Amino acid sequence: MTTLPPKFVDWFATKGWSIHPHQAEMLARADEPSLLLIAPTGGGKTLAGFLPTLVELSQAPHDGLHTLYVSPLKALAADIKRNLGTPIDDMGLSIRVEDRTGDTSYTQKRRQRADPPHILLTTPESLALLVSYEDAPRIFRGVQRIIVDEIHALAESKRGDQLMLALSRIQTMNPDLRRVGLSATVDDPDAIAHNLARHPDPCPILHADPGPDPDITMLVTQERPPWSGGGAKYSIPAVLDLVKQHQTTLIFHNTRAQAELYFHNLWLANEDGLPIGIHHGSLSRDQRTNVEAAMVRGDLRAIVCTGSLDLGIDWGNVDLVIQIGAPKNVKRLVQRIGRANHRYNAPSKAVLVPANRFEVVECVAALEAAKAHDLDGDAPRAGPRDVLCQHILAVACSGPFDATALFHEIKTVGAFSDLSRAAFDDCLDFCATGGYALRAYDQWKRLKEVDGKWQLRDPRSSARIRMNLGTIFDIETLKVKFRRSAKTLGEIEESFAATLTQGDTFLIGGQIVRYEGLNQLTVEVSHQKGRTPKVATFNGTKFATSTQLSQRILTMFAQDDWPELPDHTSQWLHLQRDVSQLPQAGRILVETFPQDGREHMVVYGFAGVNAHRTLGLILTQRMEAAGLNPLGFVVTDYAMMIWGLTPVKYVAPLFDPDNMRDGLETWLAGNAVMKRTFRVAATVAGLIERNSRQGRKSGRQATFSSDILYDTLAKYDPDHLMLRITREEAMRGLVDFGRIEDMLQRTKGRVDHVELDRVTPLAAPLFLEPGRIPVFGEGREKLLQDQSAALMRDAGLGDR
Amino acid sequence: MTDHAFTFCDTHLIARADCTLWWPDARLLCVSDLHLGKSERIARRGGTLLPPYETCETLWRLEETVMATNPETIVCLGDSFDDLGAARAVDDDTRTTLIRLQAGRDWIWIEGNHDPGPIDLGGTHLGQLQRGPLSFRHIGQPNASGEVSGHYHPKAALKGIASRPCFLVDDARIILPAFGAYTGGLAARDEVLVKIMAPSAIAILTGKRALPVPLSACLKR
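Chains A and B supply the protein sequences, listed in that same order. Going left to right, the first sequence walks through residues 1 to 800 as this note's numbering numbers them. Going left to right, the second sequence walks through residues 801 to 1021 as this note's numbering numbers them.
Don't read these hints as lab results, they were simulated from the structure. Just so it is clear, the structure is predicted and the values come from calculations on it, not from any experiment.
Below, in silico cross-link-like pairs of lysine to aspartate or glutamate (EDC-like), each with a Cα-Cα straight-line distance of 20 Å or less:
1. K959(B) - D786(A)
2. K715(A) - E864(B)
3. K1008(B) - D786(A)
4. K715(A) - E857(B)
5. K1008(B) - E778(A)
6. K959(B) - D596(A)
7. K959(B) - E781(A)
8. K1008(B) - D707(A)
9. K1020(B) - E516(A)
If we strip away everything but chain A, and leave its shape as in the complex, we get (with noise of 0.2 Å):
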């Protein structure tokens, strides 16, 4: 038991704060060996994580490391630096804090090996990387407690797996390590209880008082929301003037692309000259400092920002949020919305703002949601093995091991404690020997036994593999930099960059460049003013509706009238119901129209994205095999599209269940979705490398696709660990046939197609959707052979 020792209390009292009842309660429970807070935003979640840190170091002088700090997020840890040492400063503590991430200097890293801090403030990619090297137990000699910041974020994610392993491995060194996890408001705060303890301890669980419901309204404009697009260019004038009415303004956006563009007509229209910046995760670290330190200054009346600044970032004179675009996830909407106000028991307030007509019914039924507290969750999972396999090489970087040891290590995780020693084993083999059927050399070996111990064949290869450490799949980018100039802007997609020729212009930072050249691997730009910028493609999260809130959107399709959305909208529903349907429960809506030279098939299934994916897979298929020439589709939770050469006329026996697995696992195998899937495990698990860069500065053929590696192992080793995790993972983000089954069953011969020589209003959205799917068939075959003919006879040379 312990309580705030006098200085503390004094320290509480000159800042004219009391304790909350929650951070009382942590700290009395502070020896427990696991203990988990649920918080709102803004309840001083944090303080209560660092009070028993903070009064243990302030009592008794510690040696090295005392409590390591995780969060998801670099930008909290910096943040969390920041607001540690206010109270450190005014007590005049003794305590050295310092954080670690992937912007740190080398030089400051290397110090911090030598000599740790107190308070180690850093990320789960970081803290991987601390663990797999040689001199891992003295870095951690003595560690008293590990914080886990929005733990929520990270529970059911790779990157949490990757945590939960690392912090066995500390466990293991201190015994007596005790774990605190800080989370938001969840739908199933046992399910991140089970993953945070060491298996098979019990975790309880403090609940803070979730503080008043917050005040959340819906923009609503006198100009029209367009029927499709996400920019919302039209709120900018009502939007400037709430900016004005308030303090401080967060304005969220769910894409980069979406963010610089809104930024970019926000100045264009700012007559004011109100202070307005920009952060997101592709700006040079610099700018980002930048706007973080003038935001904490107060300089700032505004921010355009994305998911870089979602989590917990602790800004206290932020008094309003907007959310442009639907909010996609109810879950989300509410952590954003608590970064408004961070005064404990005042309410936050936000405004939603619908970019088109479809967002403003999404908007309306988050609403909703929000209000009846109607949280989403996902299913739990068992822990992934590309995961595990990285793991296992990490281990062999900081010394030899014992296998038995590690596996009974390991399944102290939470979500690998159903972990059986065949499928450890099948990893340990895989990260050995490749865990090939062949086995034709006696190099093929990363580890190997030396006297009942597993090690490195190769000492020098560990630099290899922590190089590759890491289970975030980042799209490669490119740094852009003016011409003759250090500072970097930003990044760009690579496959965004090959786009674009010399005199394109693109928006980064706020500004308009030209792009000029590709120097190395650095995009070269000049500044450009007043030109209307091409778009910047970059980062299309895409996110999912949760299937909560396309069941509330299907339930408000039924009604005969809607005078809870705007006129314009409610106008824009009894269009669609016009010119074709609303899509109703129990029956299948098909429309069918040309648009862009190509044919079009929408379906609204209302399934969510994953059912409509293994829908898009079983649906192409039959199409490639009826000759319709499908060449791609895209999803999202309310319907899918599939575009391609030729109309379909009779849609019916495309959703016969019958029959329907013929043919499907060939289809399956050579699927991208299969492949991009593969890719992913095969790199997480450390089959591929993803520091590629050696290979392609030398601009040679070193490098070649993980498809060709993808096809060999399906032909001659379809058994093998990766195939494996590839089917497993594919399937997770697939939802299982035989549920798929099911539907078409319930609904046969309620499929109601409509033909239609264009787009519907419903359907419109559908066509800015990211992450469109292609099919390798005859169609793209077709397109490619009329291609090449049409180019050859352009360029004169029809009869070569």
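Model the placement of chain B on the given structure of chain A, informed by the hints.
Structure of chain B alone, referenced to chain A:
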């Protein structure tokens, strides 16, 4: 018709969809950059343990082509092995397959930058080969004519079509795509290749069918 026939230096040639070049009048089959033993070399040097099936897969494909064309001469245009160590480390299966492929034919190993030395696997070992108007070598030379080479692993993409290995052909030279299973590629419009090829060059895409397109119509990536 899945192949593309064309005339080069008054010679009738066929670019096959399977990345090989067939000269029917000479009954000569040319194939480049097999990179046999690539996974073995990477494993030996402490890299990742790639599936050890590429040698088997590459030779299986080559055997298919040999059965289809029944050549008198087979020219391997260099980089047949990923390094000389990989050539020395071939297993018995590979050796047997090579002997079977070589039986009754002239087999010519052209030296490449990856395999610059002699290989103890049958066949004739040459720096380059002249046959009629055509000269076969691994890396193309400036100002050459009638030249057939490899080395660059050219590949090309069109709008809406992901990149595929391709032949590059102008009036003076042909660059072959890489045949090996584990090979990447260099974009046909990369400045290295643009400097070598004439502006009027064509790229012949491989895959299900061999399809010619003007090089200038290919994407830069």
